[in-house]
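Student: Kindly generate the complete structure, drawing on both the sequences and the hints.
At position 96 of the sequence shown the residue is numbered 96 (my numbering), and the sequence of numbers has no breaks.
If you're looking for bench data, these hints aren't it; they were derived computationally from the structure.
You may find that some hints are simply not true.
To be verified - Just the calculated beta-carbon pair ranges, DEER-fashion:
no.	residue 1	residue 2	range
1	G28	H98	20 to 26 Å
2	Y35	Y104	43 to 49 Å
3	E102	T123	21 to 27 Å
4	G36	Y104	40 to 46 Å
5	T67	R32	33 to 39 Å
6	V73	H40	23 to 29 Å
7	V39	T112	15 to 21 Å
8	P42	E102	38 to 44 Å
9	G64	R89	27 to 33 Å
10	G36	E102	27 to 33 Å
11	Q65	T94	17 to 23 Å
12	R56	L21	18 to 24 Å
The beta carbon of each residue, even a glycine, is placed where N, CA and C say it ideally should be.
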Amino acid sequence: MGSALVVRTVISAPTPGFGELVTVLRPGTSVRDVYGNDVHGPDEEHPVSGCSIAPRSGSETVGGQDTVVEHLVIFAPPTADIRPTDRLRIRGLTYTVHGPVEVYRSPLTGTTAGVQIAARRVTG
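Tutor: What follows is the structure, given as structure tokens:
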């Protein structure tokens with residue numbers, strides 16, 4: 001009898017060379033100042049590589065003034081540690097996380113495909 005050839009396909013996470021780098025800016029731990037007020041220490045930063053970034057249109061009027069609001073949608077790897085209270089540095093600009101961090105999970109396997117984050121930057 002002949003030997004059987006077994007071929008297995010391995011699907012791996014994107015390599016760090018693909019996608020864009022997003023830097024997460026997380027508020028530092030709170031401490032009390034001399035007046036008893038809670039103040040945040042310096043931001044803690046960590047990188048998230050392999051992100052896909054897409055623009056999303058939008059405009060707003062705030063307080064009767066035209067304001068430019070830039071919206072982005074970020075698709076990050078499933079291991080990304082991003083919280084709704086974080087800020088994100090993307091392409092040198094700082095954005096706030098706008099809403100919940102949405103996790104995509106397969107209903108068939110239960111595996112996490114990634115997370116989606118809405119971010120925005122207000123100017124004007």
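Student: All the hints need checking, so say for each whether the structure fits it.
Tutor: How the hints compare with the structure:
1. G28 / H98: 20 to 26 Å: Between G28 and H98, where Cβ atoms are some 21 Å apart, the hint holds.
2. Y35 / Y104: 43 to 49 Å: 45 Å, holds
3. E102 / T123: 21 to 27 Å: Distance hint for E102, T123 holds at roughly 26 Å.
4. G36 / Y104: 40 to 46 Å: 44 Å, holds
5. T67 / R32: 33 to 39 Å: 35 Å, holds
6. V73 / H40: 23 to 29 Å: Given a distance of about 27 Å, which is inside 23 to 29 Å, the answer is holds.
7. V39 / T112: 15 to 21 Å: With Cβ atoms ~36 Å apart, the hint is violated.
8. P42 / E102: 38 to 44 Å: With a Cβ separation near 29 Å, P42 and E102 fall outside 38 to 44 Å, so the hint is violated.
9. G64 / R89: 27 to 33 Å: Holds: the Cβ-Cβ distance is about 31 Å, inside 27 to 33 Å.
10. G36 / E102: 27 to 33 Å: 38 Å, violated
11. Q65 / T94: 17 to 23 Å: Given range 17 to 23 Å: holds, Cβ gap about 21 Å.
12. R56 / L21: 18 to 24 Å: 20 Å, holds
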